[in-house]
Amino acid sequence: MPAPPAVQVSDLVMRYGATTAVDGLSLEVARGSITAVLGPNGAGKTTTLETCEGYRRPQGGTVRVLGLDPVRDRRALLPRVGVMLQGGGAWSGVRAVEMLRHVAALHAHPLPLDLLVERLGLAECGRTPYRRLSGGQQQRLGLAMAVVGRPELLFVDEPTAGMDPAVRRTTWDLLRELQHDGVTTVLTTHYMEEAERLADLVHLVDHGRVVASGSPLALTRGRGDATIRLVVTEPFPAGAPQSLAAALGAATEVLPVDEYSLVVTGPADASTLSVVSAWCEDFGVVPESLTMGRMTLEDVFLAETGRTLAPGEGGHAA
Amino acid sequence: MTQQDTARTGADGTFAPRPGAAPYAAMVRAQASMETRLLLRNGEQLLIAVVIPVIALVGGVVAAGRLGIDLDGADPVDALTPGVLALAVMSTAFTSLAIATGFERRYGLLKRLGASPLPRSGLLLGKVGGLLVVQAVQVVVVGAVALALGWSPDPLGLLLAVPCALLGTAAFAGLGLTLAGTLRAEATLAVANLVYLLLLAGGAVVLPRSSYGAASEVLALLPSAALGDALRAALLDGTLAVLPLVVLAVWAALGASLASRFFRWE
Ligand SMILES: Nc1ncnc2c1ncn2[C@@H]1O[C@H](COP(=O)(O)OP(=O)(O)O)[C@@H](O)[C@H]1O
Ligand SMILES: [Mg+2]
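Chains A and B supply the protein sequences, listed in that same order.
Residues in the first sequence are numbered from 2 upward in steps of one, following the numbering used here.
Residues in the second sequence are numbered from 25 upward in steps of one, following the numbering used here.
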């Protein structure tokens with residue numbers, strides 16, 4: 002009998018009072034993979050992850066982790082699963098390395114602390130009390146705490162939020178190395194680049210549901226190879242996307258991003274670019290930029306939901 | 025792309041999974057030592073734990089001598105030291121524990137430990153261990169000051185005082201945890217300090233109940249007075265006072281059941 006998937010979530014429903022945080026979400030995580038749950042704030046990522054971690058009982062649907070029930074079999078699962086919460090998780094007065102040493106002491110075969118301290122750059126703040134660590138340092142400590150017990154399966158919630166780009170890259174390297182050594186990782190993120198660069202499999206979630214799943218390549222290829230981005234100097238007049246869509250024909254898709262920008266996907270090529278350029282002239286809008294590039298997960302998300310992934314963080318600036 | 029990057033990092037099995045919980049006793053020891061260090065590192069906690077009881081003792085003895093206050097005919101230091109020890113027990117088991125736990129809850133520490141191999145029973149034992157170490161420090165400091173002031177406790181009473189203090193610790197810890205597990209951290213901080221001050225002033229903990237006149241009978245039902253009475257009976261007379269111990273046991277049962285029912289981990 003083949004081993005069950007590392008994680009199997011079927012039709013999960015979770016509510017907080019009148020708010021439905023998770024609304025019939027299903028996903029699978031293959032053993033040995035890095036799987037990203039990508040979605041905007043409020044999509045239900047943390048709630049889903051914490052249900053997998055056994056903090057909450059599913060209100061609808063089922064969750065299996067390493068073939069076990071995360072609530073009923075919690076004791077058996079805990080040592081096998083490494084958890085990084087979205088925030089907090091330490092005493093406010095504890096020193097960074099002291100906290101890591103404490104978590105290590107709760108495990109039978111912890112990793113050498115020096116190794117993690119070095120790999121995650123915690124030496125510079127090893128004696129700093131937790132409350133005085135920067136956001137990025139707290140994140141790195143949180144990741145070290147999740148990894149130190151040598152888990153089979155890692156749940157990391159927005160692991161690189163608040164990290165600068167260089168540190169984010171070393172974090173990705175560490176997660177890849179863990180994967181190479183046989184650790185399965187489930188991470189949530191709202192950085193499309195993180196999912197695209199790191200994950201074998203991406204589940205795009207919005208409003209508590211998976212809207213698309215696949216490898217980054219499969220997801221972005223699924224709608225054509227390229228994307229054209231148009232950013233204009235003044236807000237679009239009413240009816241602009243429809244007008245452009247009419248000019249381009251049925252094979253392409255025009256997705257409004259905000260009042261200054263839109264995205265064209267589908268079989269876009271250089272001739273499409275010239276059609277868009279001509280349309281701008283005719284329609285009387287002045288491009289701030291008109292670029293063609295590879296399709297990104299951001300574009301896939303926009304196509305699936307009509308919304309951007311991280312308002313103010315990626316959007317038309319990309 | 026991912027494939028190439030993986031190859032480049034050249035991992036060598038360093039991170040190969042090898043999960044497992046540490047032995048239970050080792051986990052509890054680690055937790056207790058951490059709790060102790062954090063309690064002793066915090067200046068305000070130390071003030072409440074050691075400085076205030078010492079001031080109460082020295083101040084009380086000096087005042088009683090100056091003003092000729094009668095403390096049931098006993099020597100002031102003999103009469104006051106048991107109550108000051110009761111105050112010390114209460115400050116740690118109730119106030120310090122409640123405040124520390126309230127902030128642990130607020131900062132997600134309890135939640136995070138919930139995902140570690142440490143079971144809740146181990147967490148609780150660790151906390152108790154930390155409490156007992158801090159209380160031992162308190163007893164040594166207060167006892168040394170008292171001895172310097174001429175304290176001569178009943179020798180058998182020193183032994184009898186131990187179960188009284190433990191029962192008092194259980195009673196106050198249950199109440200402290202109930203507070204910490206139900207209120208927000210700031211509210212816990214305020215209420216725990218307020219209750220401490222009220223009991224210090226009016227709870228017949230440092231001063232014997234006889235000093236409170238007509239209220240004496242009602243006060244006997246408070247855990248503070250019960251702990252004070254029990255320690256006074258032990259250390260002054262070398263006897264076990266049954267009624268105060270029963271009162272403490274009831275408070276301990278009440279605190280434990282309230283905490284186990286209403287404590288919220290997040
Ligand atoms: N403890 C809570 N109480 C009430 N509502 C909550 C709570 N946690 C999350 N929510 C709501 O549930 C939805 C999903 O939240 P969350 O799972 O944290 O999403 P994400 O991690 O994707 O940002 C949001 O609308 C959020 O406001
Ligand atoms: Mg979240």
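Some hints here could point you the wrong way.
What follows is a set of in silico ranges between Cβ atoms, one per label pair, in the way DEER data are often shown [stated by the list, open to error]:
| id | chain 1 | residue 1 | chain 2 | residue 2 | range |
| --- | --- | --- | --- | --- | --- |
| 1 | B | Leu180 | A | Leu116 | 51 to 59 Å |
| 2 | B | Val266 | A | Gly88 | 46 to 54 Å |
| 3 | A | Thr20 | B | Arg285 | 47 to 55 Å |
| 4 | B | Ala273 | A | Arg128 | 41 to 49 Å |
| 5 | A | Tyr17 | B | Pro179 | 58 to 66 Å |
| 6 | A | Thr20 | B | Leu148 | 30 to 38 Å |
| 7 | A | Arg132 | B | Pro179 | 45 to 53 Å |
| 8 | A | Ser135 | B | Leu148 | 54 to 62 Å |
Keep in mind that the hints were calculated from the coordinates and are not lab data.
This structure is a prediction, so every number in the text was calculated from the model and none was measured.
Ideal Cβ placement from N, Cα and C applies to all residues, glycine included.
### Query
Hint by hint, which ones does this structure get wrong, listed from lowest number up?
Hints 3 and 8 not satisfied by this model.
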